[in-house]
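Both chains are sitting in their own frames, so use the hints and assemble them into the complex.
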Amino acid sequence: MPKQDFEDLKLEIKRLREELHQKEEFLRERQYKKLQGKNVYNDQFTTEEIVRYSRQMIMPNINPHGQIALKNSKILIVGVGGLGCPAALYLASAGVGEITLIDYDEVELTNLHRQILHSESDIDIPKVESAYNSLKRINSHIKVIPLRLHANSLTIKDIITKNKYHVIVDGSDNVATRYLLNDVCVMNDIPLVSGSALQMEGQLTVYHYQGGPCYRCLFPVPPPPHAVTSCGDGGVLGAVPGTIGVLQALETIKILTNSSGVLSGRLLLFDGTNTTFRNVKLRERNLKCDVCGENPTVKTLIDYELFCGSSSHDKVINIDILKCNEQIDIIDFSTILKDNVVLDVRPKIEYQMCNLPNTVNIPFTEIEKDDVFEKLNKLFKNKLADGIKNVYVLCRRGNDSQRAVSCLKKKFSESPIIFYNVKGGLHAYSKFVDTSFPRY
Amino acid sequence: MEINVEFGGGAELLFDNKKVHDVLLPHKEKEWILGDLLVWLKDNLLKERPELFLQDESVRPGILVLDTVNYVIKPNDRIIFISTLHGG
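Chains as they are written, first to last, in my numbering: chain A, 1 to 440; chain B, 1 to 88.
Just chain B, with the same shape it has in the complex (with noise of 0.2 Å):
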């Protein structure tokens, strides 16, 4: 299933300081949720301290998910991850 995710606010450092990437899920017998996505980005795409990302099975406080981890993905997605900025 190819879906698209994006990172903003910084997270996108973790990830090789890419933003936008698309991603070829492989298939499996149960549905992808977000969950799975999530432990699926950390040993995939993740490239540097995944303790910046994940704590305690979804993403840490102050990355934004306005969804909870069993939304049901479906192909073509964009999921989009953003960190929040404080900087002023």
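Chain A with its partners taken away, still in its complex shape (with noise of 0.2 Å):
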């Protein structure tokens, strides 16, 4: 198909999906409208809702009054990614009164695998509005608040000035932000339900509960930056983050519904390599505590960010190490790529999931280690005689490139071999050269 076509085509079903979004909310205003009568039968409920819900509603754990308890409540879910879609999903679906959603970024394909509020055709619009659109068809009863911003202090503290949520939902992916939602819900008594989830391992516990421990009373000072792993580097498979944020959304309920048996004290970690599920207990809230102690230090939010040495959103900064003339513009690499010796410095899964052809994988750890020298010494012999003495060195995106460069410089002082470093990486490579170059 011709690419204007294709263009063409994709802007038709752009304006048929507003305009069939357009209808179904006129068609719920309706329909809300003619619900909002008098219900003979049940002051609280209409007839539609006591159908709904009926199959909860008939358990005694959560009974009619349980069931208006949900419908008065108000929650906010910070985070509509892996952990946050799924915990909106059954909140919603259990009829959560008001649910309001903050999210700064906008759907990516990386997202889909386990971010199942979002589907194809949401790419590139805000988060919390492909959330909205989906959880809205889910229940047409309930009021969903979208909030595109970046959770600091000041955005969170102008909303919880306005609104008095009854629980906050934890579904962000940095340790700035879980700092800066515990202090925001012992400064404001407000129960925290704290989900998190890498690779094949989840972890959820609920803060501040009925005189329970804070995340400050676990973990007063923030991990080094360099110990904390992101989806993005480290991976994750959709179920565990989905186990994860489902089992938030109980938590929730059992909150906001006022029953016990609530993971407060008590910490769960799934590993869903073995399937196992155990419980640890943890420590009291410790009366010490810089937030939730007898004397707190920290009476206001502070900046986050300062306060972890890390930023609030999972993104990685790249870094600038190398000088000028130690490194390759994308484009002029592509040029002279068949003919020179390329180091891909990417994990060797990553390498087996997509490469350059004529790149060789030497894996960024085995670069730091004492036998490289030995290793690429081989591999460069034959390219040495053949005349070509210039390296390039490749990675995801251009900062383990750099290291690389910077450690093979050390290691190869006495040889002719000069490194470059690829500017960019493939992400670069990707945007710049080849875009079915696969960018993730």
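Since the hints were derived computationally from the structure, they do not count as laboratory data. One or more of the hints may lead you astray.
Said to hold, decoys possible - Okay, derived cross-link-like pairs now, BS3-like style, lysine-lysine, Cα gap no bigger than 30 Å in a straight line:
#1 A:K281 with B:K42
#2 A:K348 with B:K42
#3 A:K348 with B:K47
#4 A:K315 with B:K47
#5 A:K411 with B:K42
#6 A:K71 with A:K157
#7 A:K288 with A:K157
#8 A:K348 with A:K423
#9 A:K378 with B:K47
#10 B:K28 with A:K315
#11 A:K281 with B:K19
#12 B:K74 with A:K281
#13 A:K375 with B:K47
#14 B:K47 with A:K410
#15 B:K47 with A:K411
#16 A:K315 with B:K19
#17 B:K74 with A:K348
#18 A:K375 with B:K18
#19 A:K410 with B:K42
#20 A:K281 with B:K18
#21 B:K30 with A:K281
#22 A:K369 with B:K19
#23 B:K18 with A:K369
#24 A:K23 with A:K157
#25 B:K18 with A:K348
#26 A:K369 with B:K47
#27 A:K369 with B:K42
#28 A:K423 with A:K411
#29 B:K47 with A:K409
In this text, all values refer to a predicted model and were calculated from it rather than measured experimentally.
Next up, the structure:
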């Protein structure tokens, strides 16, 4: 199909989708009005609500009182990703009256394997908008408020002053936001349902609930930034945050309906590799805790990025440690790729997933080891004989390759070989040279 | 003394990517306390980047310790080191 037709088709689909949304919204309003009329059989719920929630309402655990509590509840979900999506899905379906969603990101193709409220047609639109559309389609009786913003001290303070939330669900992806939400919850006396996931493991607990510990009681000092792995770097299997997110919804419902057995003062460890759930008893609230202790030192929200020494998002921050003459631009690199030695220093698995032809994979972790000199010398020997002495070092984004170049430079200081960093790595290659190279 | 040491949440990456380790602690005059075990693990089991495990004679921030370093280890104890996850 010619490119123009392709674009036209995309535009037409977009237009039709908007029309569909409008009509759905129109229908919802009509139905809603119709349902507003008094129900002679129950003065709290409409007939449709009773039928819809009947399967959970007939259980003693929820019962009509619990269902009313859910309907009158206001909750805040921070992060509409791998945890926030399944959590929001079950909370909306269960009939939680008002759900506010916060996320600044737009939907990317790499999100779809785990962030189940977003679909292919949502790519590039704000996650909160996509989630709003999905949730509204599932349950038009509840209020969903999408807020496209970055959660930080200022934005959160503003929202918290204007609203009284019964629970905050932490579906964030970074340390700074976790401390921020913890402090907000302690200062405003709101339970925090905290989940996290990476690779095949997940963790879940409820902080600051009925005298239980807060995040700071357990972790008074943030971890060193380089000890923290993001889903983008470590990877994650969708069903793992899915499991934790669903359990976050469960704990939230229990709190909202004032049920017993809330996961407070305990930490659930889920290991997906052998499907084990382990409950660990946590320490009690620390009376000397900086934020929830008897004499707190943190009484207002602080700068959490400064406190943690890391940013409040999980994006990679690029480094720049080499001189100009030690680097090659991606366009220039693409023209000389064939006839030169190119080292791809990504992990082996990522190299297996996709790679440029005529490249050699030596993972960065190997480059740091002592025996790399022997290994590479063998590789370079023939090339040197052919008069090739330039070696180009490549990775995913161009950061590890810089580290590799500075490491190799030291190890090969006696050799005629010159190492160059390929600026921007494979991300730049996909962006500027060949868009069909997968940018992940 | 035989004990069982387990790592999770990514802490296992520092220990040969193995989550469960059966450990035989050598006999010593005084009793083994958790603090001694930390040093022993660093010297005997740790494969890389010690700064990501120990800092100032205790485990680094972000690894959950539910007891003090003075805990006296008993035979067949299972001691678990959990690194907190932050992804979502």
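Practice problem: Of all the hints given earlier, name the ones this structure violates by number, lowest first. | Solution: Violated: hints 10, 17 and 24.
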